[in-house]
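Those protein sequence lines, which keep their order, are chains U and S. 412 is the number that the numbering used here gives the last residue of the first sequence; the numbers go up by one with no jumps. 824 is the number that the numbering used here gives the last residue of the second sequence; the numbers go up by one with no jumps.
In case anyone wonders, no lab produced these hints; they're calculated from the structure. Take every hint as true, because none was put in to throw you off.
Facing chain U, a subset of chain S residues (Cβ under 7 Å, in silico): (1) 441; (2) 695; (3) 712; (4) 713; (5) 718.
For glycine and all other residues, C-beta sits at the position ideal for the given N, C-alpha and C.
There are 2 protein chains.
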Amino acid sequence: MPMKAEIIAVGSELLTPDRLDTNSLYITARLNESGFEVHRKTVIGDSEEDLAALVGEALSRSVLIVVSGGLGPTEDDVTRQAVSRILHRPLVIDSGVLEEIRKRFASRGIAMPEINTRQALVLERAEVLANPRGTAPGMWIQEKNARIVLLPGPPRELQAMFVASVTPRISALHSGRQMVRRTVSIVGLSESEVDSRVSPIYTRYPGIATTILASSAQITLSLTQWLMPGGKPDALDELTRQIAEALGETVYSASGETLEEVVGRLLRDSGRSLAVAESCTSGAVAMRLTRVPGSSDYFLGGVLCYANDVKEKLCAVPASVIEKHGAVSAEAAEALAQGVRLATSSSIGLSVTGIAGPGGGSADKPVGLVYFGLAGPHGNSHERRIIPGDRESIRERAATYALAYLRRFLLS
Amino acid sequence: MPMKAEIIAVGSELLTPDRLDTNSLYITARLNESGFEVHRKTVIGDSEEDLAALVGEALSRSVLIVVSGGLGPTEDDVTRQAVSRILHRPLVIDSGVLEEIRKRFASRGIAMPEINTRQALVLERAEVLANPRGTAPGMWIQEKNARIVLLPGPPRELQAMFVASVTPRISALHSGRQMVRRTVSIVGLSESEVDSRVSPIYTRYPGIATTILASSAQITLSLTQWLMPGGKPDALDELTRQIAEALGETVYSASGETLEEVVGRLLRDSGRSLAVAESCTSGAVAMRLTRVPGSSDYFLGGVLCYANDVKEKLCAVPASVIEKHGAVSAEAAEALAQGVRLATSSSIGLSVTGIAGPGGGSADKPVGLVYFGLAGPHGNSHERRIIPGDRESIRERAATYALAYLRRFLLS
Chain U
1 MPMKAEIIAV GSELLTPDRL DTNSLYITAR LNESGFEVHR KTVIGDSEED LAALVGEALS
61 RSVLIVVSGG LGPTEDDVTR QAVSRILHRP LVIDSGVLEE IRKRFASRGI AMPEINTRQA
121 LVLERAEVLA NPRGTAPGMW IQEKNARIVL LPGPPRELQA MFVASVTPRI SALHSGRQMV
181 RRTVSIVGLS ESEVDSRVSP IYTRYPGIAT TILASSAQIT LSLTQWLMPG GKPDALDELT
241 RQIAEALGET VYSASGETLE EVVGRLLRDS GRSLAVAESC TSGAVAMRLT RVPGSSDYFL
301 GGVLCYANDV KEKLCAVPAS VIEKHGAVSA EAAEALAQGV RLATSSSIGL SVTGIAGPGG
361 GSADKPVGLV YFGLAGPHGN SHERRIIPGD RESIRERAAT YALAYLRRFL LS
Chain S
413 MPMKAEIIAV GSELLTPDRL DTNSLYITAR LNESGFEVHR KTVIGDSEED LAALVGEALS
473 RSVLIVVSGG LGPTEDDVTR QAVSRILHRP LVIDSGVLEE IRKRFASRGI AMPEINTRQA
533 LVLERAEVLA NPRGTAPGMW IQEKNARIVL LPGPPRELQA MFVASVTPRI SALHSGRQMV
593 RRTVSIVGLS ESEVDSRVSP IYTRYPGIAT TILASSAQIT LSLTQWLMPG GKPDALDELT
653 RQIAEALGET VYSASGETLE EVVGRLLRDS GRSLAVAESC TSGAVAMRLT RVPGSSDYFL
713 GGVLCYANDV KEKLCAVPAS VIEKHGAVSA EAAEALAQGV RLATSSSIGL SVTGIAGPGG
773 GSADKPVGLV YFGLAGPHGN SHERRIIPGD RESIRERAAT YALAYLRRFL LS
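Bound conformation, chain U alone:
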């Protein structure tokens, strides 16, 4: 079995309706890579007594406890005191740490406020973990067979310290087991369609954990396996291959590439350029495409044709097409794709026109109706979908379907 770790995030602000402890995702990824399984995560307020009790409980069930936050200079920062109390070990000023903090302030031309002296308090027999990006040092504490790691809350400080100081220490500890992970990314099938096709396969591999994550019309299958020391992920790779085969062309990546990266690679490899005409998505397709650095090699831009007038003026959609078929129609979608292709001299034009709601729907053309158009040197085509959900999710899913439609076009 992997070794048991737990994560504690300290801070009353993490118990409000606005904030989540996102550090735990980063910490979990690093712990899994080093052979630890996270079996519990707790968020607790700035109460020394409550935190001390929690750390005491955690010591009875986990071999590694990672605590983030509560290392600042104010009275509200209780982590040092809480751990000192439960382990019955005093806090002492570490003169080396104090000097580092003074220097840090001095380099900004400020005298260290007296209050920051608190950040130089270190638990007896703890190892100090340097914080190159902030004033609060971390600590590595051994208590019987368990280890407690104290890290500051700001993600950029925590992450730099984890890589530099925590990973080497936990790697030396761990059992030799390691978590290995594969992903299969799918577009064009529902979560239950994916599950019904692949569950007969993955249930034959009880040693591999398979999870399904659906987001904006994309589905990611995550396959993880704990390997023995020296073990090879042959079964994991075999399962990944079988699942990819069963899902066929709906799989756009088995290596973690995003849909926009896949489309970008296909465009670049074929030397083709792209322009978009977006109505209801209003830039969502372009935003996705240009998330990829270097996308200017193949993406030219396009038209945000929110108003019908703009569809006519900038994409040369004949007024008669809109009058006869409406702005949300197969004819308009094809005319937009062709229009933006000609206006920008791109190889391919891609369009999206639909009804994102909440208003604007009718019996004939309900909210969620979206047409996608494609124009290339050999003519135009379109696709029609009815997308469930609210305004935001209709727009996000429409952008995904537009990219999926383009992918199929580029593959054919």
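Add chain S to chain U, keeping to what the hints say.
Structure of chain S alone, referenced to chain U:
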């Protein structure tokens, strides 16, 4: 003092590097409104023994325990069994619940799989909470002076049940205290600038909790106060007013309106229309503007002018401007704003052109340099900023600054 609540999320998938328990944000907001303060949140895997122990501990420190997840039909769904074990109360099949589940499957033309019988297991002396959106019913359990609420994990099921069945029950319980909340939204100042202006004010109101949340160049101050039964939020409103005064025109809302809603209202009220020309933001400004339902009343669309050629073709930017000053320049920004205004016949043209990186920067024009242009009937103007961060955050912040620039223009 407000009454103490804690939240437990059950599910091993919530302990992976991909998933957070987002239900707790919704639950916290509802609990705060009803007079409960959340003092701890725990995420735990699908282990009956661990969950039973955790519920036992929670009973010793909280008067209300909200458990989400683990109510599905499979062996992995351990919530019912864990609570039954720790409270020493048997689970019995509730024939009414079973009938509901059968009906739900029948309405989709499917016979109920035998496995779903498990979902009709109800704890002795628990009240069943109906689930109109799924098969798993919830439970309301009294144990001595505490209450335990079991809810299914899918957010749309949980939220509907919370409003219909949990809020009425906890409102009847609560102490009469109530949390009242005000927000002040700011753009154009850094987090530390905001804090240094307002901390002398809010520290004079020790009974009000003030938190600062920064996101994509926008800052939200959240002010909360627990009121006695019958109490009025006069001090809270006074503090909100004083803070808004101290921050002046950087405050775009003291009522929770988003920046795009404020800009939309100003456009609608003045009867003006808007078009955008987006280069590095590539649709982010348009996406923000069109998140607001009804934005088609004032937003016409525009041009995604990623390539220089598109800047010239669709926004009539003279090639000489780009040759002489570059595509990222004050001159290009103004020409783009004017060009898109003329091309779409809008009242106002707004442009963004910059270097989002990671490549493309130089000593003269570093990554993060962004120009914003505005064109109206009385001429053009521009603004220059250097925005820190990575590609995604530069783009997001640039979209915020574009909206903030437009807001100031509309107010002047």
